[in-house]
Amino acid sequence: MTPTISTLRPGPAATRVLVLAAALGMSGIGLAGTAAAQTTVTRSETVPAGKSARLVIVPNLKKDCSTGPMPEIRVTTPPKFGSLITKGGKLKTPAKYRCPNKDTEAQAIFYQANAGYTGPDAVVVEVKNSDGEIEKRDIRITVEAGKGNDKPDDKAREKKDTTDL
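Numbering (mature numbering (1 follows the signal peptide of the UniProt record, and there is no 0)), first residue to last: -32 to -1, 1 to 133.
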């Protein structure tokens, strides 16, 4: 018997399965659903008006503290009332970091509010670390009016208020 078009055409149930499989594949969910899993971290940051503040810093270290590829930071929602500066450089990890006192390279994002602006702002970024894991960071920013005699005492805070890593 020679196959005809009607014998090769899948029935309605098979068509639904094919459409569902195609939809899952195109949405990135697929069978390996955990590969597309993403962590979301929401946090708040206060920035003095007229100053820049480091929002994100990611070293090129894997979980086992070996050097990996440079992290990727992608801005998915830019700030409405300020601008972002992306910078890469070298640093030594802090003593309390999971890989303490290690010389490494890092990527960072800094925020600076528009001149004269005070109030709320927000930034959403996706960070792909050296292990290939993606984390979404939803950062809620409060821009406060600067104080006349603003002199940071804490070296870490002073470092955070510049665009130096």
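Read the hints as simulated data drawn from the structure, not as lab findings.
There could be a bad hint or two in this list.
As the list claims (entries may be wrong) - Each computed BS3-like pair below joins lysine-lysine, with the alpha-carbon atoms no more than 27 Å apart:
1. Lys58 x Lys30
2. Lys60 x Lys96
3. Lys55 x Lys96
4. Lys104 x Lys58
Unchecked claim - FRET-style restraints, in silico, Cβ to Cβ:
5. Asn69 x Phe49: 17 to 27 Å
6. Pro68 x Gly114: 31 to 41 Å
7. Asp32 x Gly114: 25 to 35 Å
8. Pro37 x Gly84: 22 to 32 Å
9. Thr54 x Lys31: 19 to 29 Å
10. Thr7 x Ala90: 16 to 26 Å
11. Leu59 x Arg11: 13 to 23 Å
12. Tyr85 x Lys31: 16 to 26 Å
13. Ala113 x Ser34: 41 to 51 Å
14. Thr86 x Asp32: 19 to 29 Å
15. Ile53 x Thr10: 30 to 40 Å
The beta-carbon is built from N, C-alpha and C at its ideal position, and this holds for glycine as well.
Can you tell me whether the CB distance of proline 68 to glycine 114 sits inside 31 to 41 Å?
holds, 34 Å
Task: Hint check for arginine 11 and leucine 59 - Cβ pair distance inside 13 to 23 Å - done: holds, 21 Å
Exercise. Can the restraint linking lysine 104 and lysine 58 be considered satisfied, given a maximum Cα separation of 27 Å?
Worked result: holds, 24 Å
Item to complete: Starting from the hint 22 to 32 Å, judge whether the C-beta atoms of proline 37 and glycine 84 obey it.
Response: 40 Å Cβ-Cβ, so the 22 to 32 Å window is violated.
Original post:
Would the pair lysine 60 and lysine 96 pass a check requiring their Cα atoms to be no farther apart than 27 Å?
Top reply: At roughly 20 Å apart (the allowed maximum being 27 Å), lysine 96 and lysine 60 satisfy the hint.
Does 30 to 40 Å hold as the CB distance between isoleucine 53 and threonine 10, or does it fail?
Roughly 22 Å apart at Cβ, these two residues miss the hinted range, so it is violated.
Mind checking the alpha carbons of lysine 55 and lysine 96 for me, to see if they're no more than 27 Å apart? holds, 15 Å
Practice task
Mind checking the hinted window 19 to 29 Å against the Cβ distance between threonine 86 and aspartate 32?
Solution key: violated, 44 Å
Given the hint of 16 to 26 Å, check if threonine 7 and alanine 90 actually sit that far apart at their C-beta atoms.
-> holds, 18 Å
Is the hinted range of 25 to 35 Å satisfied by the C-beta distance from aspartate 32 to glycine 114? violated, 43 Å
Just to be sure I understand the hint, the distance between the Cβ atoms of threonine 54 and lysine 31 should be within 19 to 29 Å; is that true here?
holds, 24 Å
Asparagine 69 versus phenylalanine 49 beta-carbon gap, inside 17 to 27 Å or not: Violated, at about 38 Å.
Hints 5, 7, 8, 12, 14 and 15 from the list above are not met by this structure, while the remaining hints are.
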